[in-house]
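Peer 1: Assemble the complex: chain H is given as a structure, and chains F and C must be docked to it using the hints.
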Amino acid sequence: MLNAVGRDIPEEILEKVHKVPFMGNGHYDGYEIKKTGPKTRCVISNGKNKLVSSIREALELSGIKDGMRISFHHHFREGDHIVNMVMKEIHEMGIRDITLCASSLGKAHDPVYDYILDGTVTGIEASGVRGKIGEAISRGYLKNIAILRSHGGRVRAIESGESKINIAFIGAPTSDDYGNLSGMGGKNECGVLSYSSVDADYADKVIAITDTLVPFPNYPCQISMTKVDYVVKVDEIGDASKIATGAAKPTTDMKKLMLARYCTDFVTKTPYYRIGFSYQTGVGGASIASTLYLADRMRGDGVKMAFGLGGLTKPMCDLLDEGLCGALFDTQDFDTFAIQNMHHPRHYMITAGEYASPFNKGAFVNKLDFVILAALEVDTDFNCNVVVGSDGMLMGAQGGHPDTAEGAKCSIVLVPLVQGRMPTIRDRVTAVTTPGESVDVVITEYGIAVNPRRQDLIDAVRDSGLPLTTIEEMKEKAYSITGEPKDIEFEDRVVAVIEARDGTIMDVVRQIKE
Amino acid sequence: MKLLKPAAAGTLESSDCFVSIEPSENGIEIDLKSDVIRQFGDRIREVIGETLETLGIENCTISVTDKGALDCTIRARVESAAFRSAEIKEEIPWEKL
Amino acid sequence: MGEALTDKKKRLRRSMLFLNAQKPSLIRDAYLYGPDSLMFDLEDAVAENQKDSARFSLYNALRNIDYGRSEKIVRINGLDTPHWREDVRCAVAAGCDSIRLPKTETARDISILEEEVFKAEKEFGIEEGTVLLMAAIESARGVINCMEICTASDRLFGIALSGGDYTKDLQTTLSPTGVELMGARQHMIIAARAAKVQCFDTVYTNVNDLDGFRHETEMIKQMGFDGKSLINPRQIPIVHGVFTPTDKEIEFAKKVVREIEEKSAQGIGVFTVDGKMIDIAFYDGARRTLEMARASGKLR
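Protein sequences appear in the order of chains H, F and C. So the first sequence is numbered by our numbering: it starts at 1 and just counts up by one. So the second sequence is numbered by our numbering: it starts at 1 and just counts up by one. So the third sequence is numbered by our numbering: it starts at 1 and just counts up by one.
What the hints contain is simulated information worked out from the structure, not anything from laboratory work. It is possible that part of the hints are untrue.
[Unchecked claim] Keeping only pairs whose Cα atoms sit at most 25 Å apart, straight-line, the calculated DSS-like set for lysine-lysine is: (1) H:Lys269 with C:Lys298; (2) H:Lys164 with H:Lys143; (3) H:Lys187 with H:Lys233; (4) H:Lys486 with F:Lys33; (5) H:Lys361 with H:Lys409; (6) F:Lys96 with C:Lys23; (7) H:Lys132 with F:Lys33; (8) C:Lys23 with H:Lys477; (9) F:Lys96 with C:Lys122; (10) H:Lys255 with C:Lys23; (11) C:Lys10 with C:Lys255; (12) F:Lys89 with C:Lys122; (13) H:Lys513 with F:Lys33; (14) C:Lys23 with F:Lys89; (15) C:Lys72 with C:Lys8; (16) C:Lys72 with H:Lys477; (17) C:Lys298 with H:Lys255; (18) F:Lys96 with C:Lys119; (19) C:Lys72 with F:Lys96.
The shape of chain H in the complex, shown without the other chains (with noise of 0.2 Å):
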């Protein structure tokens, strides 16, 4: 069946994972839904100790068993240990038919892989998965359909009952020994724990992992004990260096800084860009160089932003340092800077549904007026493609991508034309994570196209002296260079579905052909 974007979506598979095609957005705007709460062991006695000896002791006290589905966090990215802790004790206690809902999975998870194989592992459900697990889904080695869901994607089906977590795990830098947790202090700081928010009210087992210890209460937290069940202190939760890295040195590839100069021009000519905008952007190297020259520019314009989102690094920051920016609301932190920034009064933490769930009364995403993403490939209707890679093979996340590309008033995509031999601006995306009604502008190195549903930005821009063309040109300019490209062989197998914000199926993702 054709979805809204036109993407076929085979019966059997929306029967299998209980789903509709995508509808287009908005449609289900005003749907009501009951929420269900988790199952809560209550702690009235004042003796009650909740902290154990070690994971095992939290996984047997939890009651786990075959066929569960646990949760994690991704704050530590590439230097997290606590999927791979977690998922060896479950191995070495012959658990089998566990699903893995994590807000994201990388290549720091790839000793999972093995687990896929010998069937620990069943199911998987992440905003994206990288390395061995991507390869590992990719070829058709895990038993059940993954689901990739945005992190907004990922609060509905949680707070829906869709995903029904048993036990959530939540790496905390510090913690006292009742539970309160932090993404501050500690040896390995993350700053916040926003995607953790929703595993810790709706799981019915809320195991806590820390390394650093601190008395009770440890305040201010930012989950509270009256959620947690248990806390285990281990040597290491991760790898400070791969948490957090040093602030990133600004770009000098010249293809980046266009591109970024280019998208700045671009933002101070729409009308949003105006006293109290409000603005997100990325860690990419053209991300952060727009924010660069987005500063000088508000300098010379008297411009402030009222408020910045999403995950952050030093240039936002530096923003609010400067009061350029009123405030900043974050959902996770990319260098040390942005972690010590915390310290900032005006620097918030907000949880993943306060941030782009669409399954709530209204989050931050929807006061977006601008947001700067990137994409792995994008389409001439401008679909855009951020998880799988142009060789077939799962190796990105959706992250906030859809969440913020709808939300924001003007949402701005960054790609360099051509990567290696490849055209990112194609006829057709190999699958669609972000429909091209959210987006509203791409820039490459060769111009800069509008969405043509999007008239007025066009108008507001037309006598701007910017490189305008069209999504068509682009991808006419692309081909030109590289050749076109031959679509990739596709096993008929569905490996993944793409879901959109809603829950909808977005796309299939099939197995790759050897």
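Peer 2: Using the frame of chain H, we list chains F and C on its own:
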């Protein structure tokens, strides 16, 4: 063009390709490795074949390791390897390439 | 000399970006950054045993890649090498716009090159006089002979200082102030202007010192240079910025052009614009200002 000895050209850097060629007597044998073989494998073989034909080479073993090179780079590296193999250094018939 | 050739010789050349003709990623992308001229290097950037391969790379690039509005110049190997004749054949056959001769010391060097270019144009069926020349001055002798070099050929559109080799010849080294280059710079710009050809400054080698680069560019612009050789695309917007006329300069130039065109039709030779005495001698300069304003996007 008559190939005289094994020869090579190019590099393994991104957007380049490494080509080695040697004389043979059994027609043209192409061994291709590429980062983009799924999308461009056929096209790359075509470019190699056309280039050899233009050079009048009917027998050779050619091995190409491609790192995402464009057609013009593949052609340049094949030509370079072929002229090295034929030991022709000057008076290249540019207008015929 | 035809009018088309004069126009080609006088085109805007604020920025000449060097790129190794052997590097596929560079030859694909460099023009994107909008240099007025691209300088495909067969000389210093290419190792001795890769000279042949670089030529095939250059040939296929020039024949296949659309370089937009950037001029395509090829820096060949010096006349004292076994490579330069084949370099010329390759560059001309591939359709380059110009050839840069390194280590030029005498007018005879240019004549020798011109003869070979002429032969190549004939061999490959290209109209005679299509390919222009420029001379790089890299020695004290070259500086002394600037005037004869500048006037050695109708095809020659300009001369460029090559600071690295020149300072070696002077038995000194490049310094941050560039004081060791001052004599050459002054001499060359004077000779170039006397011969009515263009003059280009040497590269600035510290690519991370963009402030120093800007400072040097402002200086050579004030000295009268037409542009600068560049080794990194990040330097391009800076040169173009320095060579962008101010709003005031643009307005004045517009008036000068308009007035001269009107007044000369009326047979008036000398008149005033904004209180300044103006005559026909201001015409070329004002037109150049407007051309630079258009190239910078300030004037459409």
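Peer 1: Straight-line Cα separation of F:Lys96 and C:Lys119 no greater than 25 Å?
Peer 2: At roughly 17 Å apart (the allowed maximum being 25 Å), C:Lys119 and F:Lys96 satisfy the hint.
Peer 1: Against the 25 Å threshold, does the CA-CA distance of H:Lys164 and H:Lys143 hold or violate the hint?
Peer 2: It holds: about 19 Å lies between the C-alpha atoms, which stays within 25 Å.
Peer 1: CA of H:Lys269 to CA of C:Lys298, is that 25 Å or under?
Peer 2: holds, 17 Å
Peer 1: Given the hinted pair H:Lys486 and F:Lys33, is their alpha-carbon gap at most 25 Å?
Peer 2: Roughly 17 Å separates the two Cα atoms, so the pair holds.
Peer 1: Below or equal to 25 Å on CA atoms is what counts here, so check C:Lys10 against C:Lys255.
Peer 2: With Cα atoms ~22 Å apart, C:Lys10 and C:Lys255 stay inside 25 Å; holds.
Peer 1: Do the alpha carbons of C:Lys23 and H:Lys477 lie within 25 Å of each other, as the hint requires?
Peer 2: With a Cα-Cα distance of about 21 Å, the restraint between C:Lys23 and H:Lys477 holds, given a limit of 25 Å.
Peer 1: What's the verdict on F:Lys96 and C:Lys23, does the C-alpha distance respect the 25 Å limit or exceed it?
Peer 2: Holds, because 23 Å separates the two Cα atoms, which is no more than 25 Å.
Peer 1: Please work out if H:Lys187 and H:Lys233 have their alpha carbons no farther apart than 25 Å.
Peer 2: holds, 13 Å
Peer 1: Taking only the CA atoms, is the gap from H:Lys255 to C:Lys23 under or equal to 25 Å?
Peer 2: It holds: about 16 Å lies between the C-alpha atoms, which stays within 25 Å.
Peer 1: CA of H:Lys132 to CA of F:Lys33, is that 25 Å or under?
Peer 2: holds, 22 Å
Peer 1: Hey, F:Lys96 versus C:Lys122, does the alpha-carbon distance stay inside 25 Å?
Peer 2: OK: F:Lys96 and C:Lys122 at ~15 Å, within 25 Å.
Peer 1: Mind checking the alpha carbons of C:Lys23 and F:Lys89 for me, to see if they're no more than 25 Å apart?
Peer 2: Within the cut-off at roughly 20 Å; holds.
Against the hints set out earlier in the document, no violation occurs for any number.
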